[in-house]
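Participant: With chain A held as given, fit chains B, C and D onto it using these hints.
Number of protein chains: 4
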Amino acid sequence: MSDKKPVFLVIGAGAGIGGHAAARFAAGGYHAVLARRSDEEGLGKLVGQIEDAGGSASGILLNASDDGTIEELIERIETDIGPIDTMLYNLGAQIGNRKLHDTPHRTFELGWRLGCYGVFRLAHAAFPHMVKRGKGTLLVTSATSAVRGNAGQHSHAAAMGGRRMLCQTLNAEFGPQGIHVAHIVVDGSVDAPDTLGKLLGDNWEAYKASKGDDGVIDPGALADTYFHLSQQPKNCWTHEIDARPWTDVAWWNDNPNPTINSTAANPSFSGPKGE
Amino acid sequence: MSDKKPVFLVIGAGAGIGGHAAARFAAGGYHAVLARRSDEEGLGKLVGQIEDAGGSASGILLNASDDGTIEELIERIETDIGPIDTMLYNLGAQIGNRKLHDTPHRTFELGWRLGCYGVFRLAHAAFPHMVKRGKGTLLVTSATSAVRGNAGQHSHAAAMGGRRMLCQTLNAEFGPQGIHVAHIVVDGSVDAPDTLGKLLGDNWEAYKASKGDDGVIDPGALADTYFHLSQQPKNCWTHEIDARPWTDVAWWNDNPNPTINSTAANPSFSGPKGE
Amino acid sequence: MSDKKPVFLVIGAGAGIGGHAAARFAAGGYHAVLARRSDEEGLGKLVGQIEDAGGSASGILLNASDDGTIEELIERIETDIGPIDTMLYNLGAQIGNRKLHDTPHRTFELGWRLGCYGVFRLAHAAFPHMVKRGKGTLLVTSATSAVRGNAGQHSHAAAMGGRRMLCQTLNAEFGPQGIHVAHIVVDGSVDAPDTLGKLLGDNWEAYKASKGDDGVIDPGALADTYFHLSQQPKNCWTHEIDARPWTDVAWWNDNPNPTINSTAANPSFSGPKGE
Amino acid sequence: MSDKKPVFLVIGAGAGIGGHAAARFAAGGYHAVLARRSDEEGLGKLVGQIEDAGGSASGILLNASDDGTIEELIERIETDIGPIDTMLYNLGAQIGNRKLHDTPHRTFELGWRLGCYGVFRLAHAAFPHMVKRGKGTLLVTSATSAVRGNAGQHSHAAAMGGRRMLCQTLNAEFGPQGIHVAHIVVDGSVDAPDTLGKLLGDNWEAYKASKGDDGVIDPGALADTYFHLSQQPKNCWTHEIDARPWTDVAWWNDNPNPTINSTAANPSFSGPKGE
Numbered sequence: 001m002s003d004k005k006p007v008f009l010v011i012g013a014g015a016g017i018g019g020h021a022a023a024r025f026a027a028g029g030y031h032a033v034l035a036r037r038s039d040e041e042g043l044g045k046l047v048g049q050i051e052d053a054g055g056s057a058s059g060i061l062l063n064a065s066d067d068g069t070i071e072e073l074i075e076r077i078e079t080d081i082g083p084i085d086t087m088l089y090n091l092g093a094q095i096g097n098r099k100l101h102d103t104p105h106r107t108f109e110l111g112w113r114l115g116c117y118g119v120f121r122l123a124h125a126a127f128p129h130m131v132k133r134g135k136g137t138l139l140v141t142s143a144t145s146a147v148r149g150n151a152g153q154h155s156h157a158a159a160m161g162g163r164r165m166l167c168q169t170l171n172a173e174f175g176p177q178g179i180h181v182a183h184i185v186v187d188g189s190v191d192a193p194d195t196l197g198k199l200l201g202d203n204w205e206a207y208k209a210s211k212g213d214d215g216v217i218d219p220g221a222l223a224d225t226y227f228h229l230s231q232q233p234k235n236c237w238t239h240e241i242d243a244r245p246w247t248d249v250a251w252w253n254d255n256p257n258p259t260i261n262s263t264a265a266n267p268s269f270s271g272p273k274g275e
Numbered sequence: 001m002s003d004k005k006p007v008f009l010v011i012g013a014g015a016g017i018g019g020h021a022a023a024r025f026a027a028g029g030y031h032a033v034l035a036r037r038s039d040e041e042g043l044g045k046l047v048g049q050i051e052d053a054g055g056s057a058s059g060i061l062l063n064a065s066d067d068g069t070i071e072e073l074i075e076r077i078e079t080d081i082g083p084i085d086t087m088l089y090n091l092g093a094q095i096g097n098r099k100l101h102d103t104p105h106r107t108f109e110l111g112w113r114l115g116c117y118g119v120f121r122l123a124h125a126a127f128p129h130m131v132k133r134g135k136g137t138l139l140v141t142s143a144t145s146a147v148r149g150n151a152g153q154h155s156h157a158a159a160m161g162g163r164r165m166l167c168q169t170l171n172a173e174f175g176p177q178g179i180h181v182a183h184i185v186v187d188g189s190v191d192a193p194d195t196l197g198k199l200l201g202d203n204w205e206a207y208k209a210s211k212g213d214d215g216v217i218d219p220g221a222l223a224d225t226y227f228h229l230s231q232q233p234k235n236c237w238t239h240e241i242d243a244r245p246w247t248d249v250a251w252w253n254d255n256p257n258p259t260i261n262s263t264a265a266n267p268s269f270s271g272p273k274g275e
Numbered sequence: 001m002s003d004k005k006p007v008f009l010v011i012g013a014g015a016g017i018g019g020h021a022a023a024r025f026a027a028g029g030y031h032a033v034l035a036r037r038s039d040e041e042g043l044g045k046l047v048g049q050i051e052d053a054g055g056s057a058s059g060i061l062l063n064a065s066d067d068g069t070i071e072e073l074i075e076r077i078e079t080d081i082g083p084i085d086t087m088l089y090n091l092g093a094q095i096g097n098r099k100l101h102d103t104p105h106r107t108f109e110l111g112w113r114l115g116c117y118g119v120f121r122l123a124h125a126a127f128p129h130m131v132k133r134g135k136g137t138l139l140v141t142s143a144t145s146a147v148r149g150n151a152g153q154h155s156h157a158a159a160m161g162g163r164r165m166l167c168q169t170l171n172a173e174f175g176p177q178g179i180h181v182a183h184i185v186v187d188g189s190v191d192a193p194d195t196l197g198k199l200l201g202d203n204w205e206a207y208k209a210s211k212g213d214d215g216v217i218d219p220g221a222l223a224d225t226y227f228h229l230s231q232q233p234k235n236c237w238t239h240e241i242d243a244r245p246w247t248d249v250a251w252w253n254d255n256p257n258p259t260i261n262s263t264a265a266n267p268s269f270s271g272p273k274g275e
Numbered sequence: 001m002s003d004k005k006p007v008f009l010v011i012g013a014g015a016g017i018g019g020h021a022a023a024r025f026a027a028g029g030y031h032a033v034l035a036r037r038s039d040e041e042g043l044g045k046l047v048g049q050i051e052d053a054g055g056s057a058s059g060i061l062l063n064a065s066d067d068g069t070i071e072e073l074i075e076r077i078e079t080d081i082g083p084i085d086t087m088l089y090n091l092g093a094q095i096g097n098r099k100l101h102d103t104p105h106r107t108f109e110l111g112w113r114l115g116c117y118g119v120f121r122l123a124h125a126a127f128p129h130m131v132k133r134g135k136g137t138l139l140v141t142s143a144t145s146a147v148r149g150n151a152g153q154h155s156h157a158a159a160m161g162g163r164r165m166l167c168q169t170l171n172a173e174f175g176p177q178g179i180h181v182a183h184i185v186v187d188g189s190v191d192a193p194d195t196l197g198k199l200l201g202d203n204w205e206a207y208k209a210s211k212g213d214d215g216v217i218d219p220g221a222l223a224d225t226y227f228h229l230s231q232q233p234k235n236c237w238t239h240e241i242d243a244r245p246w247t248d249v250a251w252w253n254d255n256p257n258p259t260i261n262s263t264a265a266n267p268s269f270s271g272p273k274g275e
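Residue numbers (this note's numbering), protein chains in the order written: chain A, 1 to 275; chain B, 1 to 275; chain C, 1 to 275; chain D, 1 to 275.
Hints were generated in silico from the structure; no laboratory data involved. Warning: the hint list may mix true and false statements.
When chains are identical, the list treats them as one kind, so a pair holds in a single copy or across two.
[Said to hold, decoys possible] As a list, the in silico PhoX-like pairs of lysine-lysine whose alpha-carbon atoms are at most 20 Å apart:
no.: 1; residue 1: 135; residue 2: 211
no.: 2; residue 1: 99; residue 2: 132
no.: 3; residue 1: 208; residue 2: 234
no.: 4; residue 1: 132; residue 2: 4
no.: 5; residue 1: 234; residue 2: 211
no.: 6; residue 1: 99; residue 2: 135
no.: 7; residue 1: 45; residue 2: 234
no.: 8; residue 1: 208; residue 2: 198
no.: 9; residue 1: 211; residue 2: 198
no.: 10; residue 1: 132; residue 2: 45
no.: 11; residue 1: 234; residue 2: 135
If we strip away everything but chain A, and leave its shape as in the complex, we get:
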């Protein structure tokens, strides 16, 4: 039961972006539904923290890559909890850098299932409800790989590039029906113990320290931006936004340490490109 609160659903509710977004929307008056694949204890902890802070939340375990799971989840929430106002698709498909021949066919396919097909399935299942109500919001956490394909990112970039184009098609069809679709390009490391933390393992704390003060995105700060997007009135909707720490090099920029340095007295060529 959502106590008449609008429902916020997050698929991919770990201790990073997903959990912080749930907490932010709960603090903003939503009933948060947190869905994740595993770790019932971790899930319960996130729900408990929201409730301890005076918010309202539910937790659900599901494997989003299995057929029918997302579809059943939407129906269950709409029937048992309340109308879904805002959804956050927060599943990634990052598996680290792998050469093409260390990327088996099924790995490439799984990347697509989580990174692209899941967004399609979520929209397919939930948008009919939102269209009937003439309103709703879909936030999609995305990544630098959605806008450029780096070496080693075969699976991830193909999935994320598809995700971005899909968000544009969804926006084109459903924006005029009152559904706000926003694609957030997270162009920096997030302080997310359940994903990046696990990927880096013992290197995690050292990695964060190496980034310096404010060198890793605080998922709570990102959650504030997600909440802001969800509150934009219909006359002023953002479809795409990026975010990174102040010390990070934006994805479109070279590393600022050129091989051939320049000085004001002797300005010279700066590096690998003619620019």
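Facilitator: Chains B, C and D in isolation, oriented as in the chain A frame:
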């Protein structure tokens, strides 16, 4: 005197985005400095409205395209009013659609002076102060022409395309020094009586009506997004964001009325592109 | 047997781009291998035309979306015909415009299989051979949907957006190993009787006529550009290129018939955007 | 006199791209007009080489940044030599990396004059002649800075970003009038002794050697691509294309040496981005 409040400076403070941004930042605890080229009465009215609402503001007339004006303004504010925390460059260079041969050389140059060179001059004058303090924000109102050049937009698109690349260079050099640069692509018509309103003249009200409910960007809504960007912590900065009304076709999309229609039963080719 | 000629392989060899590319490469001294899903008669005709013109070609029927087909094809060519020098992945996934709810899950998946996964499988199977030889070229026919997602293109845009990012990852890993990957954005209708022609059916001739002189891309002209790309020396490789007829509106532009017209005497606002 | 040959005009005819393009078009049957700012001897040498190879060429010294020079050049050629068929705007504005405060106002302005305003002036002066004939081509050499603004590139990126958007507006208006506009993003160092060579000075040969075999763009190879673009029929025009050496990292990619390495056995996070 800014009463110890942080200073928000807007260059291009008409009754649209500029004036609403000033009001929003004043409501958020800033002393707003509104600079515009002409109409002392209109300027006084905006300042008065902010003060009536309990905020703090000053108004200054200046012709930003004249050499030395922006530079003198920055020094005056830093000396007489207080340290500038956030600046909004809100001057446009839109002159409507003109064929190349209806775009004289001096028109093209003026577009660049207002659309691109002014941003450079503002950063040149103000960033040294901000660098000393290790903090500051530059918001730049931009336009669809910054990302694609439509027919008739020779002057405007060249100016805005330069503006966007300049914002990226400023961000690359000054982000790591604590200055947040954000480039906002306003991809829809704004309810701005002093600019678009004057451009359309007698057609203005009819134009707005033709866009339907929430069909024109409310500059107050956009100002909320500007304010949100200015409050992002250093670990989570947005450099680029877009905004448009729900019913507007995003700049990258075709008009959704294809010449050859499709149906589910008989899906067919959709229009000018093979996609 | 390729008579010691370098092998050019095209997957998706219809009477449009694929067949013309095969003919162009055969004329340029390659042995062309034409692979397509069906129509043995049509395939034989294309091979015959190449041979009649003094070229060398083979035809193979295969369903590229079936597991193992592309992989087996590569091994067969390398063993029986000769080392593959250049490959063209020319399969599309255009199904016309369909609303989200007229796009079943399996349609979306099939779009990905043909539009994205097939490129991955082809590279996976063929690149090891090319890496050993330190040279090779992969040309990928792509579409406007790879760079923007229009309404109704859910399946196609998601597949093509993934395809484009995949091409970037392949280029990043394999460029320095001597393999040239080029992604060609075909931003206009192609005179292709086997694909667009079938999609439009009885409307095909009327559609072409409506485009005017030179209003539809001649696949032979596009094949010349493909051939040029394949001949670029290693110091000057193109990764991305677009092409469209002169009368077509580029994908990033608005339709040039604004709702509110401008004249030189009275330049006014141009249409749906503030630009 | 052009001996009835179509005229190819290059503005910025040094020993790199400009000179090689002139030679390539002359070899392809054009009368080449080479315009450059200084070095009459060097200019004479380029013209002599073309003539020695059996081609036809003229050389003209002019300072393209001075008002009236480009305009007068066009009239002179049209009157005295022949109708201009194809033009290459090949002036850059690269001054090496300079911090904002090492970029004086007049440097920023000069960058714009050469990088952006010159293209506008050239089109303004020459397109009326081409429109009357219903045909013509404008090739514009561009740079990575047209698509992203790196640190230190304030002047260059603002100029090139404007140049790119200007090319799009020119294409939108003049494509349907038969004028082909192509914007070439040169995303790598060119073996150009008169520009990059001079910028790097004594480091030039060491720089080229450091890039390895085929590690610097051969301007002759690039000229072949320019020539190909100029020969595309009206139904298949390229507006934008990029080029770089095989070993260069494309502008959108990270340096491929991540700070935290991954292996197939232990795939891990790859570097500064979450991708």
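Participant: Run every hint past the structure and note whether it holds.
Facilitator: Hint-by-hint comparison with the structure:
1. In the homo-oligomer, the alpha carbons of residue 135 and residue 211 lie at most 20 Å apart only across protomers (19 Å), although the nearest pairing inside one protomer, at 40 Å, exceeds that limit.
2. Within a single copy, residue 99 and residue 132 get their C-alpha atoms only as close as 46 Å, which misses the 20 Å cut-off; across copies the closest is 16 Å, which meets it.
3. When the C-alpha separation of residue 208 and residue 234 is checked against a cutoff of 20 Å, the pair qualifies only between copies, where the shortest distance is 15 Å, while the shortest distance within a copy is 38 Å.
4. Taking identical chains as interchangeable, the C-alpha atoms of residue 132 and residue 4 lie at most 20 Å apart only when both belong to the same chain, with a minimum of 18 Å there against 51 Å between chains.
5. In this homomeric assembly, residue 234 and residue 211 come within 20 Å of each other (Cα to Cα) only across copies, at 13 Å, whereas the closest approach inside a single copy is 38 Å.
6. Proximity of residue 99 to residue 135 under the C-alpha cut-off of 20 Å is restricted to the inter-copy arrangement: shortest distance 18 Å between copies versus 43 Å within a copy.
7. For a Cα distance limit of 20 Å, the shortest separation of residue 45 from residue 234 qualifies neither inside one copy, at 35 Å, nor across copies, at 28 Å.
8. For the identical chains of this complex, residue 208 and residue 198 are intra-copy neighbours only, at 13 Å inside a copy versus 43 Å across copies, given an alpha-carbon limit of 20 Å.
9. Taking CA atoms no more than 20 Å apart as the test, residue 211 paired with residue 198 passes inside one copy only; the shortest distance there is 18 Å, against 38 Å between copies.
10. For the homomeric pair residue 132 and residue 45, neither the shortest alpha-carbon distance inside one copy (34 Å) nor that between copies (44 Å) is at most 20 Å.
11. Taking identical chains as interchangeable, the C-alpha atoms of residue 234 and residue 135 lie at most 20 Å apart only when both belong to the same chain, with a minimum of 10 Å there against 33 Å between chains.
The structure shown violates the earlier hints numbered 7, 10.
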